[in-house]
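Participant: The hints should help you fit chain B onto chain A, whose structure is shown.
There are 2 protein chains.
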Amino acid sequence: MDAQSQARESSPPPQPGGAAQSGGPPSSQARPLDIDQLCIDTIRTLSIDAVQKANSGHPGAPMALAPVAYTLWRDVLRYDPDDAHWPNRDRFVLSNGHASMLLYSLLHLAGVKDAKDKRRLAVTLDDIKAFRQVDSKCPGHPEYGITTGVETTTGPLGQGCGNSVGLAMAGKWLAAHFNTPDATLFDYDVYTFCGDGDMMEGVASEAASVAGHLMLGNLCWIYDSNRITIEGHTDLAFSDNVAARFLAYGWNVERVGDANDTGRFAEALKAFKGAEVPTLIIVDSVIGYGAPHKQDTASAHGEALGEEEVRLAKRAYGWPEDAHFLVPDGVPEHFQAGVGARGRALKAEWDILFKTYAEKHPDQAETLERLLKGELPVGWDKDLPSFPADAKGVATRESGAKAINAVARNYPWMVGGAADLSPSTKTNLTFDGAGSFEAEKYGGRNLHFGIREHAMGSICNGLTLSGLRAYGSTFLIFSDYMKPPMRLSALMEIPAIWVFTHDSIGLGEDGPTHQPVEQLLSLRSVPGMITLRPADANEVVEAWRVIGGLRHQPASLVLTRQAVPTLDRAVYAPASGVAKGAYVLADAKPGSTPEVILIGTGSEVSLCVEVFETLKADGVAARVVSMPSWELFEQQDQAYRDSVLPPAVKARVSVEMASAMGWDRYTGADGAVIGMHSFGSSAPIKDLMKKFGFSPDKVLAAARDQIKKHGSKATESAK
Amino acid sequence: MDAQSQARESSPPPQPGGAAQSGGPPSSQARPLDIDQLCIDTIRTLSIDAVQKANSGHPGAPMALAPVAYTLWRDVLRYDPDDAHWPNRDRFVLSNGHASMLLYSLLHLAGVKDAKDKRRLAVTLDDIKAFRQVDSKCPGHPEYGITTGVETTTGPLGQGCGNSVGLAMAGKWLAAHFNTPDATLFDYDVYTFCGDGDMMEGVASEAASVAGHLMLGNLCWIYDSNRITIEGHTDLAFSDNVAARFLAYGWNVERVGDANDTGRFAEALKAFKGAEVPTLIIVDSVIGYGAPHKQDTASAHGEALGEEEVRLAKRAYGWPEDAHFLVPDGVPEHFQAGVGARGRALKAEWDILFKTYAEKHPDQAETLERLLKGELPVGWDKDLPSFPADAKGVATRESGAKAINAVARNYPWMVGGAADLSPSTKTNLTFDGAGSFEAEKYGGRNLHFGIREHAMGSICNGLTLSGLRAYGSTFLIFSDYMKPPMRLSALMEIPAIWVFTHDSIGLGEDGPTHQPVEQLLSLRSVPGMITLRPADANEVVEAWRVIGGLRHQPASLVLTRQAVPTLDRAVYAPASGVAKGAYVLADAKPGSTPEVILIGTGSEVSLCVEVFETLKADGVAARVVSMPSWELFEQQDQAYRDSVLPPAVKARVSVEMASAMGWDRYTGADGAVIGMHSFGSSAPIKDLMKKFGFSPDKVLAAARDQIKKHGSKATESAK
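From first to last, the protein sequence lines are chains A and B.
Mapping the first sequence onto my numbering, position 489 (from 1) lands on 568, and the numbers just tick up by one.
Mapping the second sequence onto my numbering, position 717 (from 1) lands on 796, and the numbers just tick up by one.
No false leads were slipped in.
Treat identical chains as interchangeable: a pair holds within one or across any two.
Simulated pairs of lysine to aspartate or glutamate, DMTMM-like, Cα-Cα distance not exceeding 20 Å:
no.	residue 1	residue 2
1	434	162
2	770	214
3	426	445
Derived by calculation from the structure, the hints in this document are not laboratory data.
No experiment lies behind these values; they were computed from the predicted model shown.
Here chain A stands alone, though its shape is the one from the complex:
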């Protein structure tokens, strides 16, 4: 069965007569058969039926937004259902991700092909029937990578809005870099559906402010203003003049008084196309439109309507009440005659354009193809520096500056910036031609997110989803402000890069509001994300070698404000061990079982080395393990892990200026964990080291104590 015939399964057109076509909630007036209306009501009823069958989900928004979504997709969206990855497609983001059935219905009716198997639809009717079931293509919220056509994972409110700003920025950047006077490879638009929640969440406010500042004329948010939230009417908690607010952000604002007024909505879309700044289209809608007892109430939001109400809603639409998952003949055809015909033609034109382009500009074309495939540039790491031993050393944020510049210089589509902290986080790209990304200069590679960490995270996800290699940077403490998009980068398995400096109480005088304690653990706990806290300049370089090479995982790089010694790698093991997460940096008696293992990360590794040297001078066979990444270490096989941390050696001390939580895994229950058990304090670093016990004498004492405690046992087991 081919995709078309799959889409066509099921039966006769419904008997019309029912819903009014616009205005308030439908009454039972008669209505002429209208193929557009039939399409719209198909979207509605598919959504209703799927939620009802799952007995779980959100029917209200799809019922309300079906006319808007239909109009956008059928008449405007530049999208080739045969190639959902066409680089110049318009992007459609459903920031109100709970309305997932709206998107699944659209993908189904548009006949979008599965990117991995084009003989198959991205969303079949069977997939819709398996809405919210195990391993379904139609999970509860849209998930990037699960369902072709889902541009980004949404559900946590505001994130899709932020992502869409990143997608729009990427469009501008790609245009600036790859368009030529005779070849417009990139001019795509980004359409984002959003709801009251998106309008209230701070991350979307931040993102809107960025988009207005950057004059992203390719961005259009369509705000479903239904005046209903879970607790009831928006009167309870929300009385912004949203239009005025967005004008204040520098947006163009359009208003559509009735979601069913597709003509007015089409006009608003035209206004967007003519605008040179982002556009907000406010659409007044009725949540659960058509369900006589539930429409315009919170109960239409997040639960199945119930059999009887489903029946009544269908009656209101003039739909056969006993039909389930009905796709009337002619509906997919009509829908596809719009979006499909338009998209295929545009894509075909684009292919021809690109062929010519590739002939004229083979290098540019190759770069672009590599970018779009998520491949790495050849030689991206060739200029990574190495650092000579230096007892005084440099802050890892400083060596980080050198490393990021060395990478970015050979990674033409790496872009990034900070939440107004680049002079502190040292992430600015300083080589010739790097430039700043600004409203009139969209080719710049340094992004200025302003003091908006949360939007930075969400925007970086959008950029990364577009094929750019994006990084966002701030102080480690403020990772708390941007955790939600960091988590989503891991869930989406995209290689976003997060650079955090000022990584411990070592930042000194700014005090406990700025000193991270538990943030490192928080990063490590995100499934799938790689966190690296390098010990010195050469470990920073190796950390970048790991990060740059990632293709399906985000990474967090954690750097110091304060100087740390650059270890002498002729004396200690090479920093390439970073790739394995943990490695033996120093062994007093190589080949023999160590009496005690000192495990450190980041700035505490040099402290461990200092203690190691003291112990060595005393004839103690100590070992130092540098452990920049728990995640990478856990990926190693048991033999390697045991070689670094021999199970027989129970005398272990971990040293890290962060929450002690989680270290028991590596020290064992009877090992010593030197970490933070409280918040930090405002004082110069030397005083803080003393106050919180990160001094050579404390570590030395712990090591001796461990040897005493485990000495005999260790020896015994090692025999």
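Facilitator: Just chain B now, kept in the frame of chain A:
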């Protein structure tokens, strides 16, 4: 030396002649001696000198804002320096907390007394000289509890703004509850200084939207618009029309074109006093005002000016260039003649008013006193229910609803709400008279935060700082959106309450975007916060008994969406063990050493019990430990901890549907940790339990495996 004379230490007035009094940066024109200007320049030079001495800090904002701060404090603020805790004082919040020296200078010059020792100034000149040093009263950012007069800990941008909305809401609530027609006990105003960062951070946007919605006419934000951020000019990243934005939130907006124009600022403050909605006063200022080479540049923001520039700035002010920490004679007196005289008189009036009030309304007065002291109401826990055994059981969010209502009914100043999720988190107070807190009805106890988790957290902190017992609630996954204020509640040691439901993959179909995995660990890792994940209805009650009783620690309560059995407490141990964090719930052979220990939390405890019964039937001496709180367990003495988890018993299995990280501490390195190692998935709960291995057979297999692995050893050690 008494406080006054301390404030008066140091010497002759400076030779005037220097700064222009308003307009742009000062030139070297002559200037008449003006006591107001002298006060303003004292604030500036104290700030400059302190930062220079520490060689660390932020001089630019205090230099710019001194005239504004001076005018507010001297001429308007209702504040008694002798009693910084006077309940009806106006609140002053420095949301741009990096400008801490501004606040310390004000507290010093106003002669504010240390609340713990009124013979002492809250901030002496010596304290200022020890700015940013170990255990100083003047840490890098203002810290609540460290320095009298600091109303809230600020520094992470946007938080002070959010807190101030909570403080203003509390003012309205207190007025609604305690004012009578003849006694206005509460009519305080809240003044908040904020900067460009606050204007950009989403949390402040959310909070502003809430404040506008609630028409908080007692709230005034004073926005220091200096057009400079760390990366450079605000043109780089910020072009909101801030005035229009705030009008859109429903605020009154005033503009002061020059921070030195104290007359215009005074007018703006008058306009605020007349407004019935919150007011934003936008003050155009020059960062680093007076420093000839650094003013109006980013370099004036976050580092010491340098000796030479300090000298030049002083010259521009007409200040003795060699004087350091100079407080000219007459300056404290003049400052205190304003704020002190006014505040003392108002406070004295208030005391008389309250005395009469207490005679007329003794119960109300007692309630108020208890509230203000942070004491608990008598009998607050007397109606806490107990639940009979019930195999089918209820969701802990449902038993949570009963418990929170039972507590709040007898806790008259407990208020709270959800981020638009109360029908799901079940935190609504439903008893008679609870009502909703709304613009015209400020006495309500149910708060409606809208879909704004971050502001909710920050507002709850403000409410808690005001003596109210505030809770905020959302799904556990969205704790990520509000981590920064949760952290601050712990840092400030205030008893804010966070209620999180939908606490695991057990929420089912909403899928991985909504299923917490690492959030529980994230809560546990916040120093000082108590996290509780109760196993059944009776543990929920005991968790509330713990939480209600906290006075200096925030708590997070973590509850299920799905039903869990109510355990038969006649068979298993009483739920009162919750208070100890972990307790032996079931022991197959009490008195003997168990062969294996199953440790569970929350919804997984009943799974452990099920496996326990199977093992018991097989004659295995298993034990079940219910461990609702790591933090409480860690507070117990070693003997108790060993009695629950005997060190000799190495065969251990922990079961928790959350990140496995951190469990090694309780299972030991060779125990079994059954947890989540990936994100969840969208499907019905029963399918997810199977997919992710939370089934009786998996736990049973792990237990048997542990017994096999450790059996002999355990027996041996126990001998």
